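Chemist: One-letter residues, chain by chain:
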Amino acid sequence: MKPLGEVTGASLPERVQAAVDAAAQHAEAVDREGRFPIEGIEALRDGRLLGLAVPAELGGEGAGLADLAPICTALGGACASTAMVFAMHHICLANLIDCGLESPWHRELMHRAATDQLLFASSTTEAGVGGDLRQSICAVEAEGERFNLAKAAPVISYGEETDAIFATARRDPDAPSSDQVLCVLLSDQYELERVSTWDALGMRGTCSHGFRFKASAPTEQILPRPFADIAAESMIAGSHILWSSVWCGIAADAMAKAQAFVIAEARKSPGTPPVSATKLAEAYARYRTIEATIADALGRWAAMRAAPERAATVGFSLAMNALKVSVSTIALQVVEDCLMICGLQGYKNTGPYGLGRHLRDIHSARLMISNDRIMAGAGQMMLIQRSPAARRA
Amino acid sequence: MMEKIRELIDLHAGLPGGASEITDDTDLYRAGMKSFASVQLMLALEEAFDIEFPEEMLNRATFRSASAIGQAVGTLAPDSMAA
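Here the protein sequences come in this chain order: A and B. Reading the first sequence from the start, the letters are residues 1 to 393 in our numbering. Reading the second sequence from the start, the letters are residues 394 to 476 in our numbering.
Just chain A, with the same shape it has in the complex:
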């Protein structure tokens, strides 16, 4: 981790723009080389944006999802890998803040997250559970005040670049697979042995390699809330909102290219409206549904958090599932629309209208927690949804 820069005194939009510019400048190299977007992340650190959500009394700025979502979108239009790292980091940080405010160790980590601009990653998937976030095979093995944890992780995004890993595990060796806790482990408390390399179609800068992960740490670092509650009541919704915001950014940048292409066409032949303008309007209509769906989800999130019990109802969970599935599907359609508009100019990897990286990156959206899996879970929830429409039927 690099030493702290000075707080610049710049406004939040200026700090975000500086990070967006740095991310955009290196996006092609990050994608081509499949390397970590270090320039974008350093720019986020320099702008003090990695600790944005930490409560003010612990050195941060108390930002919520409504503040973070537009930053994800802005970054997503520049470099989707940088944006996704930013989003995933903030999901970890949100878990820490949601569950750790009563715990001295976790409070100190929040403070360090703000002052030292630490980067956090998560290890939720595990070999053998078929991609189910809510199940673990590995278990916390307590020995007095400490515990050991060994996990076969098919994917840990930016595992080699992070300052801490938030890992799920069964509560103890006798616990059922769904009785999980979330363990916070600092980079000097674990060993990572890389077992597979992330050479993927898109999102290449997330460096989501596979690892054998072995950790040992004091038990006080385990978050006090059951992971089932963390997942159901904040983590899944938060992930879907921030991921969707990243995908919105990819679609927005594709739209910007397509619009520039149509304007150039219109200039070439004044008096004749370009055929592609109609296609652009169709793409824009689709794009608007992405923005509207995210805005709706942020509203539901705010209402849920404002309620005294902060309990996620089935209706809330269904809305968040719908957000993820809709935005991941529609954003891909928008980028494909833009490809049709730009034609071969969009298909080329060189030139101002190239959309190859956008297309490859956005193809990850339906797969990051497979839409099929999400819809299977949503299908069960539909059995018990108690919306006015369901009552009338």
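Treat the hints as calculated values from the structure; they're not laboratory data. Some hints here could point you the wrong way.
Stated by the list, open to error - List time: in silico SDA-like cross-link candidates among lysine to any residue, alpha-carbon distance up to 20 Å:
hint, chain 1, residue 1, chain 2, residue 2
1, B, Lys427, A, Ala232
2, A, Lys214, A, Ala150
3, B, Lys427, A, Met382
4, B, Lys427, A, Pro173
5, B, Lys427, A, Arg32
6, B, Lys427, B, Asp443
7, B, Lys397, B, Ala441
8, B, Lys427, A, Gln380
9, B, Lys427, A, Ala231
10, B, Lys427, A, Ile384
11, B, Lys427, A, Asp174
12, B, Lys397, A, Thr350
13, B, Lys427, A, Met381
14, B, Lys427, A, Ala150
15, B, Lys427, A, Gly100
16, B, Lys427, A, Ala376
17, B, Lys397, A, Lys214
18, B, Lys427, A, Lys214
19, B, Lys397, B, Ser413
20, B, Lys427, A, Gly377
21, B, Lys427, A, Pro176
22, B, Lys427, A, Ala311
23, B, Lys397, B, Glu448
As the list claims (entries may be wrong) - Part of the chain B face toward chain A, derived, beta carbon under 10 Å:
hint, residue
24, Met395
25, Asp420
26, Gly425
27, Lys427
28, Phe429
29, Ser431
30, Glu439
31, Ala441
32, Arg453
33, Ala465
34, Thr468
Just so we're clear, the structure is a prediction, and the values are computed from it rather than from any experiment. Here a beta-carbon is modelled for each residue, glycine too, at the ideal position from N, C-alpha and C.
Go by the hints and put chain B onto chain A.
Modeler: Frame of chain A; chain B shown alone:
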């Protein structure tokens, strides 16, 4: 009522260790109840007690334990308390 609830938990909660080990305050999620099982349990409760859980009660806390379920059912079907 609590006897019926315990019976439905045994039938539907899908607890790896069965329901014999649980008390009224056992956390059913920690005991291994997964989301699909909680849906099955909820549908069975609605049928058994002839109730309908309103949207605001459809959250994890309502189905966390036998006593939490008992409280919810008691609110929705006060007559069943005696049963």
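Chemist: Go through the hint on lysine 427 (chain B) and say holds or violated, using the shortest Cβ distance to chain A against 10 Å.
Modeler: holds (6 Å)
Chemist: Does serine 413 (chain B) sit within 20 Å of lysine 397 (chain B), going by the straight-line distance between their CA atoms?
Modeler: Answer holds: lysine 397 (chain B) to serine 413 (chain B) is near 14 Å, not above 20 Å.
Chemist: Hey, lysine 427 (chain B) versus methionine 381 (chain A), does the alpha-carbon distance stay inside 20 Å?
Modeler: holds (12 Å)
Chemist: Quick one, are lysine 427 (chain B) and glutamine 380 (chain A) close enough, alpha carbons at most 20 Å?
Modeler: Since the Cα atoms of lysine 427 (chain B) and glutamine 380 (chain A) sit roughly 12 Å apart, the hinted pair holds (cutoff 20 Å).
Chemist: Under the criterion of a CB-CB separation shorter than 10 Å, is glutamate 439 (chain B) in contact with chain A as hinted?
Modeler: holds (8 Å)
Chemist: Could you grab the alpha-carbon distance between lysine 427 (chain B) and alanine 376 (chain A) and see if it respects the 20 Å cut-off?
Modeler: The hint holds at about 14 Å.
Chemist: Holds or violated: are the alpha carbons of lysine 427 (chain B) and glycine 100 (chain A) at most 20 Å from each other?
Modeler: violated (25 Å)
Chemist: Given the hinted pair lysine 214 (chain A) and alanine 150 (chain A), is their alpha-carbon gap at most 20 Å?
Modeler: Distance of about 4 Å is within 20 Å: holds.
Chemist: Next pair to validate is lysine 427 (chain B) with methionine 382 (chain A); report whether the Cα-Cα distance is within 20 Å.
Modeler: Answer holds: lysine 427 (chain B) to methionine 382 (chain A) is near 16 Å, not above 20 Å.
Chemist: Are the Cα atoms of lysine 397 (chain B) and glutamate 448 (chain B) separated by 20 Å or less?
Modeler: At roughly 23 Å apart (the allowed maximum being 20 Å), glutamate 448 (chain B) and lysine 397 (chain B) break the hint.
Chemist: Can the restraint linking lysine 427 (chain B) and proline 173 (chain A) be considered satisfied, given a maximum Cα separation of 20 Å?
Modeler: holds (19 Å)
Chemist: Holds or violated: lysine 427 (chain B) with aspartate 174 (chain A), Cα cutoff 20 Å?
Modeler: Holds. Lysine 427 (chain B) to aspartate 174 (chain A) sits at ~17 Å (cutoff 20 Å).
Consistency note: the structure conflicts with the earlier hints numbered 5, 6, 12, 14, 15, 17, 18, 23, 24, 31, 33 and 34.
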